[in-house]
Amino acid sequence: MEEVLRFLKTYEPWIYLLLAGTGLFAVRRMLAALQELRTAVFGLEKESAQRRFRSSLSVFIFVLLLGVSEFVLTAIVFPDFPNVQAMATPTADLLSTPTATLPPIPVETPQLEEIGIPTLSVTDQDGCIPGVIEWTFPKAGETLKGVVTLRGTVSVPNLGFYKYEYSEQASNLWVTIAAGDRVIVDQPLGGEGSGQWDTSTLTPGDYRLRLVVTDNVNNVFPACVIPVRIAAP
Numbered sequence: 001m002e003e004v005l006r007f008l009k010t011y012e013p014w015i016y017l018l019l020a021g022t023g024l025f026a027v028r029r030m031l032a033a034l035q036e037l038r039t040a041v042f043g044l045e046k047e048s049a050q051r052r053f054r055s056s057l058s059v060f061i062f063v064l065l066l067g068v069s070e071f072v073l074t075a076i077v078f079p080d081f082p083n084v085q086a087m088a089t090p091t092a093d094l095l096s097t098p099t100a101t102l103p104p105i106p107v108e109t110p111q112l113e114e115i116g117i118p119t120l121s122v123t124d125q126d127g128c129i130p131g132v133i134e135w136t137f138p139k140a141g142e143t144l145k146g147v148v149t150l151r152g153t154v155s156v157p158n159l160g161f162y163k164y165e166y167s168e169q170a171s172n173l174w175v176t177i178a179a180g181d182r183v184i185v186d187q188p189l190g191g192e193g194s195g196q197w198d199t200s201t202l203t204p205g206d207y208r209l210r211l212v213v214t215d216n217v218n219n220v221f222p223a224c225v226i227p228v229r230i231a232a233p
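Its first residue numbered 1, the sequence shown is counted upward by one per residue in the working numbering.
By construction, these hints were calculated from the structure, which means they are not laboratory data. Hints may be right or wrong, so weigh each one.
No farther apart than 20 Å at their CA atoms in a straight line, the calculated lysine to any residue pairs in the SDA-like style are these [what the hints assert, rightly or not]:
| id | residue 1 | residue 2 |
| --- | --- | --- |
| 1 | Lys46 | Gly67 |
| 2 | Lys139 | Val217 |
| 3 | Lys145 | Arg229 |
| 4 | Lys139 | Arg151 |
| 5 | Lys139 | Ala178 |
| 6 | Lys145 | Asn158 |
| 7 | Lys139 | Lys46 |
| 8 | Lys145 | Gln169 |
| 9 | Lys139 | Leu57 |
| 10 | Lys145 | Ile177 |
| 11 | Lys46 | Gly23 |
| 12 | Lys139 | Ser69 |
| 13 | Lys139 | Val228 |
| 14 | Lys139 | Ser56 |
| 15 | Lys145 | Leu57 |
| 16 | Lys145 | Val175 |
| 17 | Lys139 | Ala232 |
| 18 | Lys46 | Ala26 |
| 19 | Lys46 | Phe62 |
| 20 | Lys139 | Gln196 |
| 21 | Lys145 | Ser56 |
| 22 | Lys139 | Ser155 |
| 23 | Lys145 | Ala231 |
| 24 | Lys46 | Leu64 |
| 25 | Lys145 | Asp215 |
| 26 | Lys46 | Val63 |
| 27 | Lys145 | Trp197 |
| 28 | Lys139 | Glu168 |
| 29 | Lys145 | Pro188 |
| 30 | Lys46 | Glu36 |
Pair ranges (Cβ atoms, derived) [what the hints assert, rightly or not]:
| id | residue 1 | residue 2 | range |
| --- | --- | --- | --- |
| 31 | Val175 | Arg51 | 47 to 55 Å |
| 32 | Glu3 | Arg51 | 33 to 41 Å |
| 33 | Arg229 | Leu65 | 43 to 51 Å |
| 34 | Leu64 | Val183 | 17 to 25 Å |
| 35 | Pro157 | Leu24 | 45 to 53 Å |
| 36 | Pro233 | Leu173 | 20 to 28 Å |
| 37 | Ser55 | Pro130 | 55 to 63 Å |
The beta carbon of each residue, even a glycine, is placed where N, CA and C say it ideally should be.
My request is simple: use the sequences and hints to build the entire structure.
And the structure:
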C-alpha cells in the first residue's frame with residue numbers, strides 16, 4: 001500500500017493529465033453518438049449510436065471515479081499514512097543519499113572536521129536544522145492563542161513537499177494542519193497568504209508542532225518538532 005501511495009503522489013500531475021485526456025475523448029465520443037442518434041433514420045443506426053453512447057458514458061464515469069480516487073489517496077490518505085512519516089532518527093546516511101544532497105548531520109569524528117566537510121547543527125535532537133528545516137514562528141515554548149500565522153523555513157535540495165501538524169503533548173496522534181510544495185525562508189507555511197491556524201478550537205494546554213519534509217523521491221527528513229502552549233482566547 002505504501003509503494004502504491006508513493007507512486008500515485010510522485011506521478012500525480014501525469015495521472016491527472018492522462019485522466020483528463022481520456023475523459024475529453026469519452027465526452028467527444030458521447031457527443032458524436034448523440035448527434036448520430038438524433039439524425040439516425042433506421043433502427044440499426046439508432047441501436048449502434050446508443051451502444052457507442054453507453055460505452056463512452058461508461059468510460060467517462062470510470063475515468064471520473066479514478067480521478068476522485070487519485071485525489072482522495074494523494075490529498076487525504078497519503079499525508080496521514082503512518083509509514084510515509086516513520087523514519088529513523090537522524091543519521092548521516094539518510095541525508096547523504098544521491099538525491100537529498102543536504103550536508104550530513106555532525107558526528108563526533110575528528111576526521112570530518114579535519115577534511116573540512118560542512119556540518120549542520122540539530123536543535124533538541126528533533127530534526128530542526130537552522131536555515132534549512134525550522135520553525136520561525138512560533139519558537140519552542142511560546143504561548144499561542146486565537147488565530148496565528150505559522151511561519152518557518154523549508155529549504156532543502158530536491159524538495160517534494162512538506163506538511164505541518166500538531167498533537168497534544170502526551171499523544172502520538174498527529175493532526176495535519178496543511179501542506180506545501182515550494183521552498184520557503186521565514187515565510188508563512190504553505191506560502192504567502194497561508195499558514196493560519198485557529199487555536200481557539202483546541203483545549204488550552206501543552207501541544208507539539210511538527211514539520212515533516214519529503215524530497216522528490218519520497219525520502220523523509222527527520223521531523224522538526226517544537227513544544228508550544230495553547231492559551232484560552
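Hint by hint, here is what the structure shows:
{"no.": "1", "hint": "Lys46 <-> Gly67", "in the structure": "violated (31 Å)"}
{"no.": "2", "hint": "Lys139 <-> Val217", "in the structure": "violated (30 Å)"}
{"no.": "3", "hint": "Lys145 <-> Arg229", "in the structure": "holds (9 Å)"}
{"no.": "4", "hint": "Lys139 <-> Arg151", "in the structure": "holds (10 Å)"}
{"no.": "5", "hint": "Lys139 <-> Ala178", "in the structure": "holds (19 Å)"}
{"no.": "6", "hint": "Lys145 <-> Asn158", "in the structure": "violated (35 Å)"}
{"no.": "7", "hint": "Lys139 <-> Lys46", "in the structure": "violated (70 Å)"}
{"no.": "8", "hint": "Lys145 <-> Gln169", "in the structure": "holds (16 Å)"}
{"no.": "9", "hint": "Lys139 <-> Leu57", "in the structure": "violated (54 Å)"}
{"no.": "10", "hint": "Lys145 <-> Ile177", "in the structure": "holds (16 Å)"}
{"no.": "11", "hint": "Lys46 <-> Gly23", "in the structure": "violated (24 Å)"}
{"no.": "12", "hint": "Lys139 <-> Ser69", "in the structure": "violated (38 Å)"}
{"no.": "13", "hint": "Lys139 <-> Val228", "in the structure": "holds (8 Å)"}
{"no.": "14", "hint": "Lys139 <-> Ser56", "in the structure": "violated (56 Å)"}
{"no.": "15", "hint": "Lys145 <-> Leu57", "in the structure": "violated (52 Å)"}
{"no.": "16", "hint": "Lys145 <-> Val175", "in the structure": "holds (18 Å)"}
{"no.": "17", "hint": "Lys139 <-> Ala232", "in the structure": "holds (19 Å)"}
{"no.": "18", "hint": "Lys46 <-> Ala26", "in the structure": "holds (19 Å)"}
{"no.": "19", "hint": "Lys46 <-> Phe62", "in the structure": "violated (24 Å)"}
{"no.": "20", "hint": "Lys139 <-> Gln196", "in the structure": "holds (16 Å)"}
{"no.": "21", "hint": "Lys145 <-> Ser56", "in the structure": "violated (54 Å)"}
{"no.": "22", "hint": "Lys139 <-> Ser155", "in the structure": "holds (18 Å)"}
{"no.": "23", "hint": "Lys145 <-> Ala231", "in the structure": "holds (5 Å)"}
{"no.": "24", "hint": "Lys46 <-> Leu64", "in the structure": "violated (27 Å)"}
{"no.": "25", "hint": "Lys145 <-> Asp215", "in the structure": "violated (32 Å)"}
{"no.": "26", "hint": "Lys46 <-> Val63", "in the structure": "violated (26 Å)"}
{"no.": "27", "hint": "Lys145 <-> Trp197", "in the structure": "holds (10 Å)"}
{"no.": "28", "hint": "Lys139 <-> Glu168", "in the structure": "holds (17 Å)"}
{"no.": "29", "hint": "Lys145 <-> Pro188", "in the structure": "holds (17 Å)"}
{"no.": "30", "hint": "Lys46 <-> Glu36", "in the structure": "holds (8 Å)"}
{"no.": "31", "hint": "Val175 <-> Arg51: 47 to 55 Å", "in the structure": "holds (50 Å)"}
{"no.": "32", "hint": "Glu3 <-> Arg51: 33 to 41 Å", "in the structure": "holds (39 Å)"}
{"no.": "33", "hint": "Arg229 <-> Leu65: 43 to 51 Å", "in the structure": "holds (45 Å)"}
{"no.": "34", "hint": "Leu64 <-> Val183: 17 to 25 Å", "in the structure": "violated (34 Å)"}
{"no.": "35", "hint": "Pro157 <-> Leu24: 45 to 53 Å", "in the structure": "violated (37 Å)"}
{"no.": "36", "hint": "Pro233 <-> Leu173: 20 to 28 Å", "in the structure": "holds (23 Å)"}
{"no.": "37", "hint": "Ser55 <-> Pro130: 55 to 63 Å", "in the structure": "holds (59 Å)"}
Consistency with the previously given hints fails for numbers 1, 2, 6, 7, 9, 11, 12, 14, 15, 19, 21, 24, 25, 26, 34 and 35, ordered from lowest to highest.
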